[in-house]
Amino acid sequence: GIDGVEATRRIAADGTVHVLVLTTYDTDADITRAIEAGATGYLLKAERPEELFAAIRSAAQGRTTLSAPVASRVMARMRSPRPTLTDRERDILAQLSQGLGNRDIARALFISEATVKTHLGRIYDKLGVDTRAGAVSVAKEQRLLP
Numbered sequence: 409g410i411d412g413v414e415a416t417r418r419i420a421a422d423g424t425v426h427v428l429v430l431t432t433y434d435t436d437a438d439i440t441r442a443i444e445a446g447a448t449g450y451l452l453k454a455e456r457p458e459e460l461f462a463a464i465r466s467a468a469q470g471r472t473t474l475s476a477p478v479a480s481r482v483m484a485r486m487r488s489p490r491p492t493l494t495d496r497e498r499d500i501l502a503q504l505s506q507g508l509g510n511r512d513i514a515r516a517l518f519i520s521e522a523t524v525k526t527h528l529g530r531i532y533d534k535l536g537v538d539t540r541a542g543a544v545s546v547a548k549e550q551r552l553l554p
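Numbering (the working numbering), first residue to last: 409 to 554.
By construction, these hints were calculated from the structure, which means they are not laboratory data. Just to be clear, a hint being listed does not mean it is correct.
To be verified - DEER-style ranges, computed between Cβ atoms: (1) D411 to A454: 37 to 43 Å; (2) I410 to M486: 26 to 32 Å; (3) L430 to K525: 27 to 33 Å; (4) D411 to G542: 17 to 23 Å; (5) D499 to E459: 41 to 47 Å; (6) I519 to M486: 31 to 37 Å; (7) V482 to A541: 20 to 26 Å; (8) K548 to D422: 53 to 59 Å; (9) D422 to R511: 44 to 50 Å; (10) A522 to T492: 47 to 53 Å; (11) K525 to I410: 37 to 43 Å; (12) E444 to S466: 17 to 23 Å.
The structure presented is a predicted model; accordingly, all values stated were derived computationally and were not measured. Note that CB positions come from ideal geometry on N, CA and C, so glycine has one too.
Produce the entire structure from the sequences given, and follow the hints as far as they go.
Dropping the structure here:
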């Protein structure tokens, strides 16, 4: 089967149907994926029935609708400064996102493995992560990667 994000992408693809996501998931990553897939709105299942009905009517008219907690998260994220990465850190992150190891990144960028490790440590600190996968995930969420 397909997940909700892929279903949203397929349904919203032709632009004639508005998708309102109703879910219990409220992480930044879940919200971002749904909106990027074409969702018109994003509501949490804890909404009161009258708010749900109003959101359905609004979405049917193509207006964006977000649950109050979701709207708060989106606003907070947009207001918080994005981490500033150097050009070299962005280069390394791009290589990392393609699954390359330190040795291959070093060869591709004509730098030493030790330099790659130093940059990775700085990237992890700036993104608040401690793994390669975490760095790539946060970079994608924050649109730091092309």
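Going through the hints against the structure:
1. A C-beta distance of roughly 21 Å is found between D411 and A454, which places it outside the suggested range of 37 to 43 Å.
2. Evaluation of the 26 to 32 Å hint for I410 and M486 yields a pass: the beta carbon distance comes to about 29 Å.
3. A C-beta distance of roughly 44 Å is found between L430 and K525, which places it outside the suggested range of 27 to 33 Å.
4. Distance hint check for D411 and G542: the Cβ-Cβ separation is about 21 Å, which falls inside the suggested range of 17 to 23 Å.
5. Taking 41 to 47 Å as the suggested C-beta distance range, the pair D499 and E459 conforms, at roughly 46 Å.
6. At about 34 Å, the beta-carbon gap between I519 and M486 stays in the expected band of 31 to 37 Å.
7. Distance hint check: the CB atoms of V482 and A541 are about 24 Å apart, consistent with the given range 20 to 26 Å.
8. For the pair K548 and D422, the supplied restraint of 53 to 59 Å is violated, since their beta-carbon distance comes to about 26 Å.
9. Taken as a hint, the range 44 to 50 Å holds for the pair D422 and R511, whose Cβ atoms sit roughly 45 Å apart.
10. Remark: the range hint 47 to 53 Å for A522 to T492 is contradicted by a beta-carbon distance near 23 Å.
11. Between K525 and I410 the beta carbon distance is about 39 Å. The supplied range of 37 to 43 Å therefore holds.
12. Taking the beta carbon of each, E444 and S466 are about 20 Å apart, inside 17 to 23 Å as hinted.
Hint compliance for this structure: hints 1, 3, 8, 10 are broken, all remaining hints hold.
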